[in-house]
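Here are the chains, one letter per residue:
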Amino acid sequence: MNKAEVITSFIHNIIVFNIPLLYGTVGEIMVEKSGSLNLGVEGTMAVGAIFGYIVGCYANSLGVGILTAFLAGALCGLLFALLTVSLQANQNITGLTLTTFGLGVYFFVGNGVKATGWPVMGDYSSIQNGFADIDIPLLSDIPIIGKGLFSHNLLVYLGIIIAIAAWWYLKHTAPGLRLRSIGENPAAADSVGINVKLMKYLHICLGCGIMGIGGYYMSLNMSGSFNSSCWINGYGWIAVALVIFANWNPALAIIGTFVFGFFNTLRVSGGSLAAAFPEVFGWLAHIPTQLYQALPFIITAIVLVVTSIKNKRGSSGLPAALGLNYYREER
Amino acid sequence: MEQYAIQMKGITKTFGSVVANSNINLTLKQGEILALLGENGSGKTTLMNMLSGIYKPDSGSISIFGKEVSINSPEDSKKLGIGMVHQHFKLVDVFSAADNIWMGKEKPGLVLKKSRYARIREIASKFGFDLDPEKKVYNMAVSEKQTLEIIKVLYYGAKIIILDEPTAVLTVQEIKKLFDVLRKMKQEGHSIIIITHKLNEVMEISDRVAILRKGEYITTVETSKTNENALTEQMVGRKVDLNIDRPTVDKTSPLLEVRDLSILNDEGSVAIDKVNFYIRGGEILGVAGIAGCGQKELCEAIAGLRPIQSGQMIHKGDNIVGLSPKAITEKGISMSFIPEDRLGMGLAPSMSITDNMLLKNYRDAKGPFIDRKRGRAEAEQVIKSLEVVTPSTETPVRRLSGGNVQKVLPGREIKSGPNVIITAYPVRGLDINSSYTIYDILNKQKLNGVGILFVGEDLDVMLSLCDKIMVLCHGKLMGVVHAHKATKEMLGLMMTGSLDLTKEKSHGIAKDTLFKDVLVSADAPETAAQAEEEISNSGDKEE
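Sequence order for the protein chains is A and B.
Taking this note's numbering, the leading residue of the first sequence gets 28, the next gets one more, and so forth.
Taking this note's numbering, the leading residue of the second sequence gets -7, the next gets one more, and so forth.
Treat the hints as calculated values from the structure; they're not laboratory data.
Any given hint could be a false lead.
[To be verified] Pairwise CB distance ranges (calculated):
id, chain 1, residue 1, chain 2, residue 2, range
1, B, N64, A, S250, 49 to 57 Å
2, B, E225, A, E357, 29 to 37 Å
3, A, I120, B, D492, 55 to 63 Å
4, A, A278, B, S117, 29 to 37 Å
5, B, P317, A, A321, 39 to 47 Å
6, A, S255, B, S62, 53 to 61 Å
7, B, N64, A, Q317, 58 to 66 Å
8, B, A319, A, A328, 34 to 42 Å
[What the hints assert, rightly or not] Simulated coverage check for chain B against chain A, where a stretch passes if three residues somewhere in it have a Cβ under 8 Å from a Cβ of chain A:
id, stretch
9, 39 to 52
10, 57 to 67
11, 94 to 103
Even glycine gets a Cβ: it sits at the ideal position worked out from N, Cα and C.
Can you make the complete structure from the sequences, with help from the hints?
So this is what it looks like as structure tokens:
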């Protein structure tokens, strides 16, 4: 690889390996804007991943896979909504349980299928082709960054589109306004006749469905190789932190994803950078891999600290009623 | 037959074993203002919440404009043309005024357009209000929030408007403005129910008065055919003396003196600006001011909960600046602040009365264990002496009605035997009977030689209860006046900053302070008595 190719591939990797974070983050923003804190992102993504991958392969259709992943994620959301919105269960505990449950389902289903014959992604041409990179005309011809930024698979573009659509929905539409009002002050929303329960159910399911697609992406990016570690590998947790980094703004989540992605990619591609530019990036090779592996989590911690320091009133996107269950007759 | 806007028949509502409303009948005529009167916990808010769709009655029927209805949700209520301005405003703080209205609009379309601001401004001015639709709620004063709430219900097409204690947090001038609005709405054919504890307001604004007592319906009377004493008697169930005592006590030297005190608020702007005052033993010093004029910051600073910017706070000759809240409490300074939501400060809502008692004095117990027996005994004393309505000492405080919650706090503070009591809004939202109980408690403490700083809202009460009143306007001291020489109008002018007594002389500085660390008396040979004389003289000039 020449030097230009190394840079191109580095940029490409930032996006390819980290788009699941965007799905997880945008999904969680949707859920949190309704005032529900769902800590079950990791589990929801895992459930979306395993069902999306297996059903998608059996149907030999990327579209079916995406839809299945969305529905599987949305079902997790339905479970969460049932427990926290209707039955008033504690959201933190329900979310953590959902993660445990989701990972359990992942391995249960995965191992079950593996026992009868694991579907190998390479055998399913339309999945393989569907996940292939698509060049954006003209833009992808820009030297060095063109192939890095504008030549990606369908799900990358879909993720960006979902994030921008979610931003527009929250900020510029009437249903978005109503959703935000519920996250801020459900009693106020209720008093003006907004159906709080219905809105919460809808958006929890929608958000969890988006997370599910993120999980499916993860499985395809790993070429569907099922082994002892989960495909999601902690991304769900980083997504929960990224929500705060993005200040509950889906558009900022795109930037947040790429900032995290940058450090994440150093771990994977730092070696090739060091090899291509020994004078400038040579030192990258001397950093122990363990530090790289810890880096996303260290960054998460730093981001949480920084974002919690300076928050002028009204500038924070944190929904005021986040994590609190709403019960109309509560006194 | 006369057309009723609302007819409630035999309404009963229970929460567990507590009967909030029992067989209540209430009628609201079209185009009238009905005052709903009752002590704390008599079930007024519960009854109104059955009209706004928050609660559903266990039994009984509700007719709106002659048609029997079942109100299952706030949405139903809104569709029936009922609008309620709740005691705790139901607004989204981070939204603009327009968005708070827009979020409940029928068929708002998909996209939010900028033109909504113009629409809301137009509608507000049509109803005769001045409203900045783009202003965020968290930047609004209480009265602005209330205006927004009223515009909101009018915009949703309410024909019946319910206001739950709308005047509790307003100044005299704002109340006057609100009443003008209500009268205008009445003329336009709206039917209005207003809940208030202030009898003068009932007499002024209402056409009829409905009275509840302990969850039961007592009667409805024409306002023109009754008077304050009769109303009180029907509400409380016995005769109540409506005069507030102001016993005179031999004053001692200043217990607490505050000098050139400046404090910042949470946003970092100046909340209290170079304020001077002192409290003697055996006197009640009132603090008057429009809501949010630094009262909260002042109380917190004295209690050691908020760092000060500059100045001194001297208690019995010792500087208390920089001491921990615990050390300040041990010196005998007690602070109780009733915030607008009534639960925010001082009490832990989910804990029982006993536990809340223990919060203050658990340190006194010997060994590592809590002396629950003593806590319970104290809880029982407070319940008995302040007539707190509660099923038991072990009931979580949050389950009590607003007024009863509020009696627990001063009750506990006084138990610790303080020598300076800082009390802010102790009767906020309390009914007459409980308010008088609180005044009695304060007077008893005063007779015992305790110095009391009373941050209040009701100027009539302050004029008859306090010995002296200091007025704050935007954190600046406007002067200290003798209550028996001051008038309500004068205080009102000082509160809005149009009258500043400090411009002429330096006020509020005690000349006989015991403060050891700083030499101040060298250039101030006058005695405290002379200083006070001057203060009251300058007050006289304005009268």
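These are the hints, each one checked on the structure:
1. For the pair N64(B) and S250(A), the beta carbons lie near 54 Å from each other, so the given range of 49 to 57 Å is met.
2. For the hinted restraint 29 to 37 Å between E225(B) and E357(A), the CB-CB distance of approximately 35 Å keeps it satisfied.
3. Roughly 57 Å separates the CB atoms of I120(A) and D492(B), a value that falls within the hinted 55 to 63 Å.
4. Distance hint check for A278(A) and S117(B): the Cβ-Cβ separation is about 36 Å, which falls inside the suggested range of 29 to 37 Å.
5. At about 41 Å, the CB distance of P317(B) to A321(A) agrees with the hint of 39 to 47 Å.
6. The hinted range of 53 to 61 Å is satisfied by S255(A) and S62(B), whose Cβ atoms lie roughly 59 Å apart.
7. Against the hinted window of 58 to 66 Å, the Cβ-Cβ separation of N64(B) and Q317(A) comes to about 59 Å, which satisfies the hint.
8. Taking the beta carbon of each, A319(B) and A328(A) are about 36 Å apart, inside 34 to 42 Å as hinted.
9. Here the stretch 39 to 52 of chain B counts 3 residues with a CB under 8 Å from a CB of chain A, which clears the bar of 3, and the coverage holds.
10. Taking a C-beta to C-beta cut-off of 8 Å, the stretch 57 to 67 of chain B contributes 3 residues in contact with chain A, enough for the three needed, and the coverage statement holds.
11. Counting residues of the stretch 94 to 103 of chain B whose CB lies closer than 8 Å to any CB of chain A gives 8, so the stated coverage by that chain holds, three being the minimum.
Figure legend: structure checked against the earlier numbered hints; every hint is met.
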